[in-house]
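Take each chain as given, in its own frame, and dock them per the hints.
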Amino acid sequence: MHFRRTTALWILIVLAVTVGACGKKTPPVARPIPPPPADPASSANRPPTPPEPIAENRSVPPEPIAEDPLKVSDIDKINQNSPFQPVFFALDMADIDSTGQAALNANAGVLKKYPEWIITIEGHADERGTAEYNLALGERRAVAARAYLISLGIPADRLKTVSYGKEFPFDPSHTEAAWSKNRRAHFVVTSK
Amino acid sequence: MKPIRILAIALVACAAAVLTAQTPPPTPPPGQQPDVIELKIGDRSGSPPRLAVPEFAALTADPETVKAAKTIGQVLFDDIAYEKEFYMVPRDVMATMPKHTSADSVQIDSWKSVADGMIVGTVRKSGDSVVVEARLIQLPSGKLAFGKQYTGSLKSVADGGRTYAHTLSDELHKQQFAIRGIARTKLAFSSNRTGDKSTTGYIKNRDAANIYFSDYDGANETRVTVYPTLDLSPVWSPDGRAIAYTSYRNNYPDIFISFIYEGRLERPAKGTSETKNYLPAWSQDGSRIAYTSALPDGNVEIFVMNRDGSANRRLTNHPMADATPTWSPTGTQLSFVSDRTGSPQIYIINADGTDMKRISTESYCDRPTWSPPPFNEIAYTCRGGGGYQIMVYDFISGSSRPISDGIGSNESPAFAPSGRHIAFVSDRTGRQQIYTMHRDGSGLKQITKTGTNKYPNWSQ
Chain A
1 MHFRRTTALW ILIVLAVTVG ACGKKTPPVA RPIPPPPADP ASSANRPPTP PEPIAENRSV
61 PPEPIAEDPL KVSDIDKINQ NSPFQPVFFA LDMADIDSTG QAALNANAGV LKKYPEWIIT
121 IEGHADERGT AEYNLALGER RAVAARAYLI SLGIPADRLK TVSYGKEFPF DPSHTEAAWS
181 KNRRAHFVVT SK
Chain B
1 MKPIRILAIA LVACAAAVLT AQTPPPTPPP GQQPDVIELK IGDRSGSPPR LAVPEFAALT
61 ADPETVKAAK TIGQVLFDDI AYEKEFYMVP RDVMATMPKH TSADSVQIDS WKSVADGMIV
121 GTVRKSGDSV VVEARLIQLP SGKLAFGKQY TGSLKSVADG GRTYAHTLSD ELHKQQFAIR
181 GIARTKLAFS SNRTGDKSTT GYIKNRDAAN IYFSDYDGAN ETRVTVYPTL DLSPVWSPDG
241 RAIAYTSYRN NYPDIFISFI YEGRLERPAK GTSETKNYLP AWSQDGSRIA YTSALPDGNV
301 EIFVMNRDGS ANRRLTNHPM ADATPTWSPT GTQLSFVSDR TGSPQIYIIN ADGTDMKRIS
361 TESYCDRPTW SPPPFNEIAY TCRGGGGYQI MVYDFISGSS RPISDGIGSN ESPAFAPSGR
421 HIAFVSDRTG RQQIYTMHRD GSGLKQITKT GTNKYPNWSQ
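Chains as they are written, first to last, in our numbering: chain A, 1 to 192; chain B, 1 to 460.
Looking at chain B on its own, in the form it has when it is part of the complex (with noise of 0.2 Å):
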C-alpha cells in the first residue's frame, strides 16, 4: 500500500481524535484578568467600527486637570481620526449626549445606538502627579475590550497633555488592529522663521534656515540648531535621539549630527571644502548613512558610511550627478536620483552597488522615500501640471500612481513608519509649508504656519 495512503488515514483519524477529545477551556479564578484580551470593536464585516471619543472627565477640580482632560479628548479623537481605520462618531453627535463624570458612569444606553465602541477617559490629579485612565468599552454590551492608566508629573500636561492622548491612541491601535500608529511621532523640517540672516558665504541678506522637529501634528514645535547659516535635510536616527542634517556652517555643505537630548554635535563624513557632503539618509537599522559627496574632481555620487564615518564606500560612479538617496526597509538596496540621461529620474541600486534600475518614466523626478513594510512602494515628486506632484511607484505593478490633488506645487516626500501616511512640502498657500496625507492623497493636513518650511522627515 503507498505510504501517501497510510499517511491520509493518519491524518483523518488524528482529526477524529482531536473532535472528540476537545474539552471546555478552563476558567480562570474568580476576580483575576485573563492575559490576553480579544475584544474587538465593530464586527468587521465590512464598514470601518463606530467609536465614540467624547471628552474626557476631570476628577478633582485643578486648573491643570481641568485643561487636560479636555485636550486630550480632543487630541485622542484626531489622532485616531488620522488613523482611519475607526467611523469616528462625529463631535456635534456627541455633544447631545450625556456626558461621564467618572470612569463608571458611563450612560451605555444612550450610546449604543451610535458607536459600536466608546473611549471612556477621567483626568485627575495625585499630589504632584497627573492619573489619566481611559477604558475602551464595547457597545452594545458595556464589556471592556482595552483599560489604560498612565501617570505623569505635571510637567507632562503642561501643553495639556498631548502625550497621553498620543500614546493611548498609538496603543489602542495596535491593540485593536495590530497596526503601527503614528501619534507619538515627529517630524522634523528645516525652517527660516527666525528671519536671521545667514552668515555663511561673502554675499549679504540671505536668509538662514534651521532645524526644527514637531509633534507629527505640527504641536510643539522645537527648534534644534542655532548657528545663523543654511541647516537643511534632516533625517532622525531611528532610535529618535539624533538628527543628521547638512549645514553650511563652514561655508562649503557636510553633514552634521545633532544629538537632541545631550546638546552634542559630530560630524562622521569630515567634509573640506573639496569635498562637500549632503543629502544624509540613515539605514532602518540606524548603522549607516547613505549621502551625497561632491568630489574634488567635480563629481557628484552616492557614498555609504557606518554612523561614526568609518567604512566610507562609494556606492555610484558616472560623471552626471546621483543625489538623494533613501534607504529600503531591509537596508539591502537603495534609490536615488540621477541626472545621467539628461534630466533627473528615480533609481533603485543594492547596497553592494550592483544590479541598478531605473523606476521612474516621468519628465523630471526627485526626492524618492521608501516606504515602510507592509507595502512595497516608492514616493517621489515629478514634474507635472505646471508644478510637481507627489507620486508613488508600486514595485508589484512596476508603475506609478499620483496622489497629490494638483493644487499647487508638491514636493519632497516622506514617509511615516506605518506607511499609512506621507509628509511633503507644498506652496498652495503661497509660501512653502509642510503637510501630510494618507497614502491615497486624502485626509490633508497643514502642519507648519510660520515663515517657510522645506525637506520633512518622519522619525520612527
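Okay, chain A solo, but in the shape it has when bound (with noise of 0.2 Å):
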C-alpha cells in the first residue's frame, strides 16, 4: 500500500506530538524507601511524629427520668379481679375462633354495663414466633379483638390496642400449655 505524502506526514505530526507528551509527562511518583532497618543497638531508631490523643471513653449521664404515668388505684383493683376474659389464638394467627367470639361476646356486655370505661387490648405472642415479627403479630391479634367488638357496636373510641409481642409472656414455662395462654388477647381497664 502506498502511503501519501500527506500521510507520512500526520504520521510524523502524531508521533512528533506524542512522545514529545510522553516526555513531558511528570516524573514517575517516587517509589517510597523502606525506612531504614530496626538496628535494636540504636535508640535514635524513634518515630518522628508525636504521640496521637488516644480517643477516650466518654462519659455517660443518665437519662432524663420520665414522669411517672399516673397512677389509679381503683382501676388497679379492677384489673386484678377482672370482669374481660382473654382471647386466644392459634400459633402464627391472629384469626377469632368460636370460643374466642364467645369471650368476645361477654367482654362486649361488660363494656356495655360500663359506658365511661376505656380498654385496652394487649397482644401478645408465644416465644417461638422471633421478637420482632411478634410484636406486629400481636397488634394484628388486639386489633382483630377490637374489630369484633366494633361490630358489636362498641365505639372505637373505647378500644385502643398494644402489642407486647413476646416480651410479656403470662407463664413463662417452655410448655405447650405455656405458650398457648400466651398467644392471646388480653383486656385491661386504662381509664374510667
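Honestly, I wouldn't trust all of these hints.
Stated by the list, open to error - For lysine-lysine, the following BS3-like pairs were computed, each having C-alpha atoms within a straight-line distance of at most 25 Å:
id: 1; chain 1: B; residue 1: Lys197; chain 2: A; residue 2: Lys181
id: 2; chain 1: B; residue 1: Lys204; chain 2: A; residue 2: Lys192
id: 3; chain 1: B; residue 1: Lys204; chain 2: A; residue 2: Lys77
id: 4; chain 1: B; residue 1: Lys204; chain 2: A; residue 2: Lys181
id: 5; chain 1: A; residue 1: Lys77; chain 2: B; residue 2: Lys197
Stated by the list, open to error - Ranges between beta-carbon positions, derived for each pair:
id: 6; chain 1: B; residue 1: Asp394; chain 2: A; residue 2: Gly153; range: 52 to 62 Å
id: 7; chain 1: A; residue 1: Asn57; chain 2: B; residue 2: Thr194; range: 36 to 46 Å
id: 8; chain 1: A; residue 1: Ala177; chain 2: B; residue 2: Gly430; range: 17 to 27 Å
What the hints assert, rightly or not - Covered, in the sense of this in silico footprint (three residues per stretch, anywhere, with C-beta under 8 Å from a C-beta of chain B), are these stretches of chain A:
id: 9; segment: 96-108
id: 10; segment: 140-151
id: 11; segment: 162-176
id: 12; segment: 179-192
Read the hints as simulated data drawn from the structure, not as lab findings. Model, not experiment: these values are computed from the prediction. Where is the CB? At the ideal position from N, CA and C, for every residue including glycine.
Written out as C-alpha cells, the structure is:
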C-alpha cells in the first residue's frame, strides 16, 4: 500500500506530539524507600511524629427520668379482679375462633354495662415466634379483637390496642400449655 | 490511512518513549520518613501472613502501666485474631520466646522463624499521662512497617487500656489490608439484667428491659435507659452519638432517641395511644429513620421520616402487617418483613415505595439486616431445625445460605459495619444472649452473660 505524502506527514506529526507529550510527562512518582532497618543497638530509631491523642471513652450521664404515669389505684383493683376474658389464638395466627367470639361477646356485655370505661387490648405472642415479627403479630391480634367488638356496637374510641409481642409472657414455662396461654388478646381497663 | 492505525502507532511510540525516559526515583533526604510506607507483612500469596503479638513491655514500674502493658497486648491479640486476616502465632509459642523490655530490644533472630511480622509494644507513664507505642516489624528483615504512638489520661487505662488495643487493631488493618476494622465498634442491645419490674401497663410482675451498649467484644457494658419499662430494638445513629429505640414508658410503644453523651432525649415520631411507633432503623447517612407504625385503623405499616420527625411518609399499604425495616447502604432501598402471603417473609422496596420484591422462600422469616459494602447481602432469621437459623441472601446469586451452626435458636441478626461479622441472639445456653460470628458462621463469640439480652445492633 502506498503511503501518501500527507498521510506520512500526519504520522510524523502525531509521533512528534506523542513522544513530546510522553517526554513532558511528570516524572514517575518516587517509589517509597523502605525505612532503615530497626537496629536494636541504635536509640535514634523512634517514629519522628509526636504521639496522637487517644480517643478516650466518654462518660454517659443518666437519661432524664420521665414523669411517672398517673397511677389510679381503683383501676388497679378492677384489673386484679378483671371482669374481662382473654381471647386465645392459634400459633402464628390472628383469627378469632368460636371460643374467642364467645369471650368477646361477654366482654362486650361488660363494656355496655360500664359505658365510661376505656380499655386497652394487649396483643401477646408465645416465645416460639421471633421477637420483631411478634410485635406486629401481637398488634394484629389486638386489632382483630377490637374489630369484632366494634362490629358488636362498641364505639372505637373506647378500645385502644397495644402489642407486647412475646416480651411479657403470662406463663414463662417452655411447655405447650404455657405457650397457648401466651397467645392472647388481654383486656385491661385504662380509664374510667 | 485509517485513524485507528495512526492511534496504534502513536500508542506504541508513547510506550517506547516511556520505557526509554525512565529515571531512577529520587532519594529522600537522609533521616526523613517518606510519606507512604508500603511495607506489607507476608508475601500475600495465599496463606495469611503469620503475625506475633506478644505482651507489651511496661517501661515504668507503676501498677497502672504494668496492668496496661498486659491488657493491651492481650486485647490486641484478640482483636486482630477476630478480624481473621492474619494467622496468629499461638500464645503458647510466644511464651517460649524472649520478651522485649523496650522497643529496641527485640530479638529478631528468635522470632523470624515463627512469624512474618510482629508487633513490638511498650507502655509508659509520663506525669499524669500514659504513652503507648507500637511498631509492626517485618520479619526476617527487621524493617519497620508501621509505627504508632498514642497518649491519654490515666482514666484511659482504667480498664487496662483496651481502647489503645482497639485503635491499633483498626489502624493496622487499614494500613496492611485497606479494610475497615471493627475493634472500636460497639453493640447496643436490650437487657432485663437488673431484675426491675416494669411499671408499664396495668398487669404486675413483668420484667422491665433497658437499653445497654458495650464494646464489640462485650467489655465496658454501659446502661443507657433507666426507666422501669420495656425498652427494645436499639439502633445506633451513624455518628455514634445517639441510640434510637422503642419504649413503652408512656404505656404504648413509641420511638425515642437518646443522645447518650448529652443526657438528652427526643421523641421524633410523636406517637399516641392511637398511632404507635416501633422498630426504628437509621439510614446510613444519618438523615432518616424508617420505622413500623400501628395506625388507628389497625394497619401495621412502614413509614420513613427525617431524624427530627419531619417529612413523615408512608411506604407500604397492605391490610396485613409490614414491619421491621432496614436500609440499604446507599439509602435508596429498604428491606422489611411482611406477612401478606400468610407467613412473614423478607421483601425489598425502593425508598420511594416502588418495585417491591420478595427475596425469602423459607416458611417463616424475620428481621432483615442489610450488609454494608463490599458485600451485597441481606441476613435474616428463618424457622428451621426446631428453632430459628440465620440465613444470608446474596443478591448476585439470588439465593440464601444458612450460616448459623444449627445449635439452639438463632435470631435477630445485625451486620457489623465491616460486613465481615454478624451479631445475633441465641438461646443455646438456655437463656437468650448476644453473640457475634464471622460472616461465614465461624468464630462464634458470646458477648453477654447477665440476664436475658436481645435486639442487638452494631454501631458504625
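Going through the hints against the structure:
1. B/Lys197 - A/Lys181: holds, 21 Å
2. B/Lys204 - A/Lys192: It holds: about 19 Å lies between the C-alpha atoms, which stays within 25 Å.
3. B/Lys204 - A/Lys77: holds, 12 Å
4. B/Lys204 - A/Lys181: Holds, at roughly 17 Å.
5. A/Lys77 - B/Lys197: holds, 19 Å
6. B/Asp394 - A/Gly153: 52 to 62 Å: Because 53 Å falls inside the window, the suggested range holds.
7. A/Asn57 - B/Thr194: 36 to 46 Å: At 22 Å between Cβs, range violated.
8. A/Ala177 - B/Gly430: 17 to 27 Å: Between A/Ala177 and B/Gly430, where Cβ atoms are some 20 Å apart, the hint holds.
9. 96-108: That given contact is violated, which follows from only 0 residues of the segment 96-108 of chain A lying within Cβ reach (below 8 Å) of chain B.
10. 140-151: With 4 residues close enough to chain B, the hint holds.
11. 162-176: holds (count 5)
12. 179-192: holds (count 4)
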